[in-house]
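For the sequence shown, the numbering used here gives the first residue as 89, with consecutive numbering after it.
Watch out, some of these pointers could steer you wrong.
Claimed, not checked - Simulated DEER-style distance windows between Cβ atoms:
(1) Pro469 to Thr241: 47 to 57 Å
(2) Leu134 to Ser278: 48 to 58 Å
(3) Gln277 to Pro469: 34 to 44 Å
No lab work stands behind these hints: they were computed from the structure.
Virtual Cβ for every residue (Gly too), placed ideally from N, Cα, C.
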Amino acid sequence: MTKQITLLFFLIFGLYGFTQKSFLQGYYINNSNERVDCLIKNGDWLNNPTQFEYKLSENSEEKTQSINSVKEFEVIGVSKYVRQNVDIDRSSTLIDEMDYDKNPVFNKEQLFLKVLIEGKGNLYLYEDRGLIRYFFNQDLTDVKQLVFKNYLTKDGQVAKNQHFRQQLWNALKCESISMNQVAKINYRQSELIKFFVKYNECTNSEFVNYKTKQKKDLFNLTLRPGVTISSLGLVGPISEPFKFKEDLTSFRFGLEAELILGFDNNKWAIILEPNYRQLESEATAIANRTTGEEAYARINHKSIQINLGLRHYMFLNKNLKLFANASLVYDYNLDSSIVVTRGANDSPPFFSAEVQPHYALALGIGCKYKERYSLELRYIPNRNILTRYLNWGAKLSSVSMVIGYSMF
């Protein structure tokens with residue numbers, strides 16, 4: 089088992105180091121309006137960046153460009169950013185930091201804005217450590233913030249300035265958009281994108297929805313058979329512990345539901361996987377050193393493991409991505425038992441116990457190819473599966489190699 093654990097951590101750090109050097113096709117436009125095609129490092133931009141790393145070719149050295157020298161850049165198929173000098177209100181949404189003024193407090197800043205919709209009507213996003221602001225413009229007009237602000241009333245209640253609705257109605261009128269429809273829009277990305285798509289369609293404008301250029305399918309259902317190698321140790325009121333075979337091999341079968349979270353370029357997902365496994369083994373130990381009497385142990389462990397966890401993807405190219413995940417495992421046992429006899433193997437039980445349901449932590453790394461095929465190495469460290477017995481304990485750990493086929 090030690091070898092498998094060593095291999096797991098070797099792969100984790102090896103793959104992590106490899107993905108840190110992954111670059112995707114992109115371009116940037118400099119202050120001289122020159123377009124430079126290059127490879128841009130696929131950064132985890134939870135917050136809008138102020139710089140990015142790039143290479144002119146696969147074998148060239150890494151360089152950095154900043155907001156001061158770049159007007160626009162795009163990681164093809166992932167995200168696009170444009171530089172703008174805008175008035176931004178950074179009023180807090182935390183009650184302890186709110187003021188009593190309903191009006192936004194604007195400051196002029198130079199920012200990279202993330203492009204969500206690009207057409208006759210443009211929608212942009214800015215995020216910075218929990219702060220979320222949307223900006224817009226029409227054709228070549230100045231980019232302005234869509235105003236939304238939480239503030240306190242005189243009696244200490246939280247009120248909302250939703251002036252953004254009036255801004256949309258004044259600037260982006262079209263015959264198929266009514267005032268009532270605009271009045272129902274909330275300051276949410278999905279609703280604002282829907283509005284700007286409708287406006288561009290209404291004005292017969294060519295437009296790009298950068299959200300649809302990302303992965304549309306946010307739910308995957310995957311068949312996951314595999315092989316598990318387990319290590320089991322049993323101790324009790326006898327002279328020596330039972331030594332089961334070092335590597336106990338069993339087969340497992342699972343069905344995984346994966347929900348891709350719609351942020352950070354779809355790099356995060358919640359996973360839920362029930363899987364079935366069965367483990368059978370026998371071992372012999374010395375029960376009494378004085379008489380030399382032996383004891384025999386038999387384990388029959390059938391269980392359904394329910395894994396609930398979080399997964400993070402690391403993109404290599406459009407067809408291949410790596411992932412790492414951590415899960416909480418609930419092991420629900422099905423007629424699982426451990427039986428110990430002294431003397432002959434067919435003697436009456438000296439100790440008999442049911443394996444209790446228990447929780448464990450699972451760590452895994454793997455890769456996924458063309459959104460269809462996957463391979464994962466999963467490790468569950470030692471946990472006691474006889475928690476109700478004071479004089480007995482059984483520690484079980486495992487490493488699984490799991491293959492996957494996503495049906496949809």
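Do the hints match the structure? See the list:
1. Pro469 to Thr241: 47 to 57 Å: Check passed, 53 Å falls within 47 to 57 Å.
2. Leu134 to Ser278: 48 to 58 Å: Once the Cβ atoms are compared, 18 Å apart, the range 48 to 58 Å for Ser278 and Leu134 is violated.
3. Gln277 to Pro469: 34 to 44 Å: holds (39 Å)
Consistency note: the structure conflicts with earlier hint 2 alone.
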